[in-house]
Every structure is written in C-alpha cells, then in structure tokens.
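We have chain C; now place chains L and X onto it with these hints.
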Amino acid sequence: MSEAAVRIAGMNKFYGRFQVLRDINLDVRSGERIVICGPSGSGKSTLIRCINRLEEHQQGRIDVLGTELNDDIGNIDHIRRDVGMVFQHFNLFPHLTVLENCTLAPTLARKVPVEEAEATAMTYLTRVRIPEQAAKFPGQLSGGQQQRVAIARALCMKPKILLFDEPTSALDPEMIKEVLDVMVELAQDGMTMLCVTHEMGFARQVADRVIFMDKGEIVEQGRPAELFDNPKNERTRTFLSQVLSH
Amino acid sequence: MQIFRNRKTRSVVYQVAFLAVFALVIFGAVHEATTKLAAQGMTSGFDFLQKSTGFRIGFSLIPFDPFDSYLQMLWVGFLNTIFLGILSIILANIVGLIIAVFRISSNGVLNDIGTLYIEAFRNVPLILQALFWYAALTHLPPPKQAYSLFDSIFLSARGVFVPSLNVEGQWFAAVALVLILGLAALAWFSMARRLRRVQNRPAIQIGIAGLTLATMVGILVYAREPGSDIVSVPALRGLNFRGGVTIPPELSALAIATAIYGGAYIAEVIRAGFLSVGKGQVEAARALGLSPWHVFSRVHLPLAIRAVLPTLINQYVWLFKATTLGIVVGFADFFSVISVSINQSGQTLELIAILMAGFLIMNNTLSFVLNRVNKAIALKGTQLRT
Amino acid sequence: MTAVSDMNTPSQSLNSGLQPDGLPARLRRRYFRTPGNAVISMVGMAALFYLAFHALDWAVLKAVWISPDSTSAVCRDIAGACWAVIQQRWRIIIFGLFPYDEQWRSMLACLVMVATIVLSCLPWSWRPLRLSILWCAGFLIFYVLMRGGLFGMRAVLPADWGGLTLTVFLYAAGVLIGMPMAIAMALLRRSDMPLVSRMTGALIDGVRSLPLITILFTAALIFPFVLPGWLQGDKIWRVIIGFALFFAAYQAEIIRSGIQSIPVGQEEAAKALGLSYWHRTGRIILPQAFRNALPPTINQLVITFKETSLIVIIGFFEILASGNAAYGTGEWSFAYFEVYIFVALVYFVFVFSLSRYGAYLERRMRFGQH
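Top line first, the protein sequences correspond to chains C, L and X. First residue of the first sequence: 384, per my numbering; consecutive thereafter. First residue of the second sequence: 3, per my numbering; consecutive thereafter. First residue of the third sequence: 9, per my numbering; consecutive thereafter.
Hints are supplied without guarantee of correctness; some may be wrong.
[As the list claims (entries may be wrong)] Cβ-Cβ distance ranges computed for the label pairs, FRET-style:
1. 587(C) <-> 128(X): 55 to 61 Å
2. 137(X) <-> 92(L): 45 to 51 Å
3. 141(X) <-> 461(C): 17 to 23 Å
4. 368(X) <-> 525(C): 26 to 32 Å
5. 155(L) <-> 202(X): 58 to 64 Å
[Stated by the list, open to error] Example chain L residues on the side facing chain X (calculated, C-beta under 10 Å, incomplete):
6. 293
7. 296
8. 361
Keep in mind that the hints were calculated from the coordinates and are not lab data. Owing to the predicted nature of the structure, the values given are computational and were not obtained by experimental measurement. Just so you know, even glycine gets a beta-carbon here, dropped at the ideal spot from N, CA and C.
Pulled out of the complex, with its shape left as it was, chain C reads as follows (with noise of 0.2 Å):
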C-alpha cells in the first residue's frame, strides 16, 4: 500500500456560525484519482481549498504529503509548493505573458535557474498543446486555452498532488473537451488528482473514486461505475438524475 497523499479525519468547517464542512475523513493514497461532485452549496470546492489552506479548517487534523496544517508558516508555503491547483476562472496573471505566468512561481519560490524554467515550461506548455503561444498574453488567448495554460502553470512547479476546482464550468461547451483531454492524459500518467467537476463522462473515465457531497458531508463514495449506476442514497440518486438528465 502506498503512503497517503491526503488524509483528513474529523474535519470541521465554519463561516462564521455557519458550517460548511461537517465531519470530513478522507484518505487519498498517492496516484489516486478523485472526483467529487455534488450540488452547488455542497461544500465541495472548500473542501478541496482547504487541502492547500486557501481555507482554513476550524476542528480536526488535515495531512498533506505528511505534514499536518496548522498556523506554522513554513509548512504551509511548503506544501503550497508541492500541491497545484487549477481554479474555475483559471487566475492567470494578465500583466504577465504565457511563458512568464509557468515559469514565475519556479523562478521565484523554487529558485530553478531562469533557463530552466523556461525549458521545463515550453515542454508543459507543448503537452497541453499550445507551445506557440508562450510569447502571448492571457487576455489574447480563448478560454479553453487559457485553463490549458493554467494546467501547464500548475505543473511546472512539478507538483505531487493537483486540485481542480470545476476546471471546465466556466468554458464554452466546445472548449470543455480540450481542456478534458489534457486532464485524461494527466491521469493516465499517475499524477494524484482531486477534481471538483459535473463532468460524468471524465470521472467513469478515469477516476479511482468519486465521491458525492451534499449540505458540508460525504454522503456516499464508491467506485464511479457502482456509484452512477447504482447509487444508494436518495440524495444522490436525486442529483445524479438532475445532472444526468440533460
């Protein structure tokens, strides 16, 4: 068995006097693929942003690659480091071109040699397909490009862990299966992925689990076959028929 890339036990969660996560345990071994849906208020982008502290949990423990989160600094900029993240707006940096946005953070926070960086950027930037617009800026490029650079961004800081928090939500329908072309390959070559997506198609391709969140908890998890085609709990049932139906 391989060690734990992510291990949350008893989390708990609160805006405020509002609580959004309820009593979380999740283990997610290395290369490990997760997808988590759920309806919208479901707390399941929190819960993923709290894997790299972007939210702060209130109760329980979470491990990251086997360092706890707590308020010591180090750990936390470490794990940054070493976890990447893919948002719904993809968040490039619009003052900075393509190449500049991947090779920023491993300049600056990895300290990689400028040269380096560049080289290891252009050859992301070639397996999310799109080396020949380095030079360009964020704003110059569709949609469906600029999530793809945000992938490539994400890798170059040679992550061990990525989140994807509704990667393709945000995108054009024709733009949506360019985007999920590249996170296929990703996982067929074992990168350790929790993916917050609506996109069935993609979680019985390539996911190991997917798990179901409704109101803050984990409602039911299973492999995606039992779980789309045989799912136990009503409010899944519920969801799945919503999102399968158009």
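Relative to chain C, chains L and X alone:
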C-alpha cells in the same frame, strides 16, 4: 526563531512591535518638546486663550474688537471658515451646473465655451487665482470714483457695498435657520415615501412655504432697529461709504476664486454623471412615450444625481478644505487666526492642536451630513447601472 | 441613422453619433441643427470673438514687449499689456534669489528634473527598477547642481533656492518620497493585523481630513519642537516630509482601491503556487494595482503639482512668491496682471500637459487592453 514560524504568534509579535515603535515615537516627541519648552522658559497650557489679543479683524460674523480674547478670535476664524466654505460650495455648485449644461448641450459653441472655461481655470492653482482676484479687486477705483449699479450697489477698492436690512446679525442667523428648517420640511414632505398618499399634498406644501416666508418676514420686521428705514442703502460720506453691507475684497476674492476653480471641477463631475446614465434607461423612458421633459426630469436627472452624488460629496469636502487660503489675502479664517495667534502668543503646540481638532471636527461633520444625505437618496439594492 | 454610421466607422467609436461625411455637414450639425441652436451659436460666437479680440488687442497689438532703459517708463501711457516687466524681471520669477552668476546651474537643474519627469512618462521606463534608477539619478544630479560645494561649484544653501526651480524640486521630492510611503501605507492598511490596519487607517484618514496648508504649517513649526537637533535638517526638508505625507495619504487610498479592484482569484492563484507574501505583493498585486490605479494616480499627480504653490504661505520663495516679488517693487507695481498671467501660463504648461498625458493613457488603456 521557532515562534516566527507560527502565524498567530508572529502576528501578535508584529503588532506589539508596531505599537511599541509608535509609543516610543510619541514619548520621544513629548519628552523633547517638554525639555525644549522648559529650556525656553515657556509655560504650556491653555490659559492664554483668555488674554485679549490687541488685534483688529476685517471681516467677522460676530462682533469682535481688540480687547476680546484669543478664544473669541479663534471662534471668529472658525465661523469665517465655515461661512466661506459653505458660500464657496454653493457658488461653485451654481457655476459648475451652468458649465456642465454647456458641456452636455448639443450646441457646439456652448460645448467649446465650456471646454475653454474648464481647461483655463482648472489648470491654474487656486491660490494664484485668489491672489489675482485680490489684486484685481483692490485695484478698483477708490470709493469716490466707485462703479455704481442703480446708485445702490457700489464697487470700489475698499470692497463691494450692497444695500441691507437694518437688522442686527443674530436675527439674520434666526431667519437663515427658519429658511433651512422650512426647506428641509418641504423636501422631506415631498420626498418621503410614507407621505406619498396624504391628501391635498400641494395645499400642504404651499402652506409650509407660506408659513416659512411669513415667519421670516415677521422676524425681520420685529427686529428692525427702531426709527430706521427697513432697508439701508450705502451712500458716500466723506472718503468711504456708510450704510448697507460691505463685502470686503478679501472675502470676494476668495469666494470668486473658489467658485470659479471649484465650479470647473464640479462641472466635470456633473457631466460625468449625466454621461453615466445608461442609454437603455433613457431609451426605455422614450419608448414608454414620455415627453422629452419628463424623460429628463423623471428619469435622466434623478439617475444622474444618484450617480454623481458620492463624487460630488468628495468634491464638496475637498473644496471646503481648499478654501483655507485666507492668510494670503488677509481674510480672517480659522487657519489665519491660528497663525496670527502663534506669532503673538508663542503657544505653538497648543494652537496647532486646536487647529487640527478644529479642522477634524469641521471636516468630519461636513462629510457625515453629506453622506447621510447620499444614503437617503441612493438607490436601494444593487441595480444594474448600464 | 446610428446603424449606418456604426458599420462605417469602427475607428470612430467615441463619436458614434456622427456620420462620416464632410466637414461642412459636421459643422452644420454641431452648430446650426435647429433655428434655436443657430441663434445660440451666433450669440455665443459673437461673445467669444468679442473676448478674443479684446484679449488679442490687449496682449499683442497694443502691448509693450521690451523696456530699453530697464525702467517702467515705456509702459506709462499704453492701453495694452506691459510685457516689459517679464523681460526685465523673468530671472527673479524663474530663479528666485539664486546667486546671479550661478543661475545657469538652476536652469540646468530645472531642465534635468523636467527631463526626468518627461522620461518617466514614456512606456519604456515603466519598470520598477528603471523608474527608481531614473528618479534617483535625476534627483541626485539636480541636488548636486543646486547645492554646489562639489566640482568647484559654489555652495548655495536651500534657503536661497527659489522660483520655478524650487517649485519643481518640491514637487519631485514630495512625489519621490511620498510614493514609497503611499505603497507602504496602502499595504499596512490592508494588513490582516487589526491593530496595524486600524492605526494606519486612522493616520491616512486624519491627514486626508486636514487642509494641506495646516500639514505644511505643522511640519514647519512642530518638527523643531519634537525632533532632537540631529534629526531636524533644513526647514525645506521638514516641509517636503509634510508635503510627501499629504501626497502619500491620498495616493495610498488610490493604490488601495486599485488593489481592491483586482479579482480575489489572483491572490489565491499566487498563494496556490506557493509564492511568499512579498513575491505575491511585488509581482502579482502591486503591478496590477498600479495599472488599475493609473488614471487617478495621474490625476493626483496633477493636483499635487498645483498644490506645491501653497508653500508660499510658509515663507518659501517658489514661483508664486517670486512672481509677487517681481511686481512688488514700486517701479512695476502696476504690472501685477502681466506677472500673474505669466506665472499662470507656466503652471498651465505643466499641468495641462500632465493632464493631457493622463487622458491619453486612459484612452490607451481602454482600447489597447491585452
């Protein structure tokens, strides 16, 4: 440095350090000041405020003579600053409105005049304009050769002389108060949603207006100095004019300069507000078949006012502060009486403290009042403004 | 009407109401669309021509430009402007009391500072490093030239500096010191440590609710009391610190609103990449904040230039005071109008070009966004 890796500890340490540096600076400054004052044999404290100043003040809203105390002089300056500030805001608003109309109008010549005005007056410092108007006003002919209008208004190097009522100052304050109350009541009555359904609204409005006017006239008639005409017209006696009210060149220079300069800024704010009203809303109003006047008065204007009000308030507050130029022309505003008092009494620290406190009070009161007005008028909820 | 014009005029998006036809038609639409409009136009034009004619008559046709005997005798009985006062006294207005033989230094220093300002308006220099080097170098050259005492130049104390050069110096020094202060104050106010952000906020709001003149006055009068002797420096530096503080308080709020208009996702993405606070701030937040805040920043710089004129009140001999001195002698005291117009023109040239530049930048940013 293990504690520096913990976020909460580090935050506490930083804040304590910040506070310590701040306290140290304050302590050092106080220590230095007390040593120096002791060395110079100065007594600190506010006792000097009771001493008489030996100063004469050119323009004052309340009676003041050289035997009055420093406190009285500061009060005169305080009132003068408020008076000039409000006068400037009102005048600048009128000028700004006219220029804004020029700038928005569809007529090319009016546009050009507006642009010319704004570029000419906005790009020259206010203080230079104030000095210019002061020089121009004091170079008017002496009273004997004064320019006159209808033989009752006179322009001379000694100031502008206009007819007035034979009533003492405090009664004018009372009249102004009644007027403000009346206007406020009228505004509240016509704007408050709660009273929308009251019967006979026009009649009640006319009633309020009439009552206000009657009270004002009543006060003036009652307060008339016995045995004199109700109106006092200035007339040349010897080398100067007697009767009426004198507007000294110092006051006129500052009021003209701030009205012209502030007007240029306010015009641009108002124009931006009109341009910001979405085409869609105006077109929707037209599509509903409203007449051009109704489109303007019921849709365009109210939306524009709401759009400009926050910026306009900032302009008013800024203009109020900008009028603090009395010292360059010899108008006794708050800053210049403080400056004079420092020269006379040497109580620098105390007077600077009063200066700061005075301006903080004036400024915060003004922005508080204006922001309340804004809140009352602002659109409720978040609405699309495009 | 608009549909047609919109199709034909992609470049005229600013005035999409206009049809792209000849000048006469445009003029007609702008000035004589309806009879009422035509009447207003005629009256307005008549008034403008009347004013322009009188101004021209006074300022050019009937004016006296040169005084042959360096007295005001030539201006005795003229109906026009007496520009001879400028011809005779311009050195006072531009250089103040700077020693006559050394005034070339003042001139050169002023040109260096203006060149620095112009250079920093070029897009080439919009890099933090280049901008800092440019300003520090320009400022150093200026200071050495004015102060002297080096390279065989006679030392001239700041108390003898004056005129336009002093105005430009104050402005440059105030902005140069104020800008880093503004950035620091904006960041401190945004800090998540409540004590730090509250106290910075109180300082910023306090300064902003006082008129500039009270701050300059306080700086000139209070610092000698509360600072130990070794920290005091020349009076001009105390005033510059006050001036910089005032500029910084306004600029800090401009920067802060520039930061607030950056989407939250930017900071989150930078955090997720493991960038430290300083890297996030220096590479992601501030560059974007300055870009957002460029129009109000230029506006603030324009206002600040005009506000340098206030130091005349605390007894400095900047261009306004030297203007007063230029007509202050009995000889020229009638010529106040000409001197004020001259000084106003000097200000106008600076302020107008700065604000035109700001308008150009704003347009460029609106259309050329990438």
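Hints, one by one, checked against the model:
A hinted range of 55 to 61 Å holds for the C-beta pair residue 587(C) and residue 128(X), which are about 58 Å apart. Between residue 137(X) and residue 92(L) the beta carbon distance is about 50 Å. The supplied range of 45 to 51 Å therefore holds. Look at residue 141(X) against residue 461(C): about 35 Å separates their beta carbons, and that is not inside 17 to 23 Å. Judged by the Cβ atoms, the range 26 to 32 Å given for residue 368(X) and residue 525(C) holds: they are separated by roughly 31 Å.
Between residue 155(L) and residue 202(X) the C-beta distance comes to about 60 Å, which sits within the given range of 58 to 64 Å. Violation of the interface hint for residue 293(L) is found here, the shortest Cβ-Cβ separation to chain X being roughly 17 Å, above the 10 Å cut-off. The beta carbon of residue 296(L) comes no nearer than 20 Å to any beta carbon in chain X, farther than 10 Å, and the hint placing it at the interface is violated. With its C-beta approaching chain X no nearer than about 5 Å, residue 361(L) sits inside the 10 Å limit, and its interface hint holds.
Hints 3, 6 and 7 from the list above are not met by this structure, while the remaining hints are.
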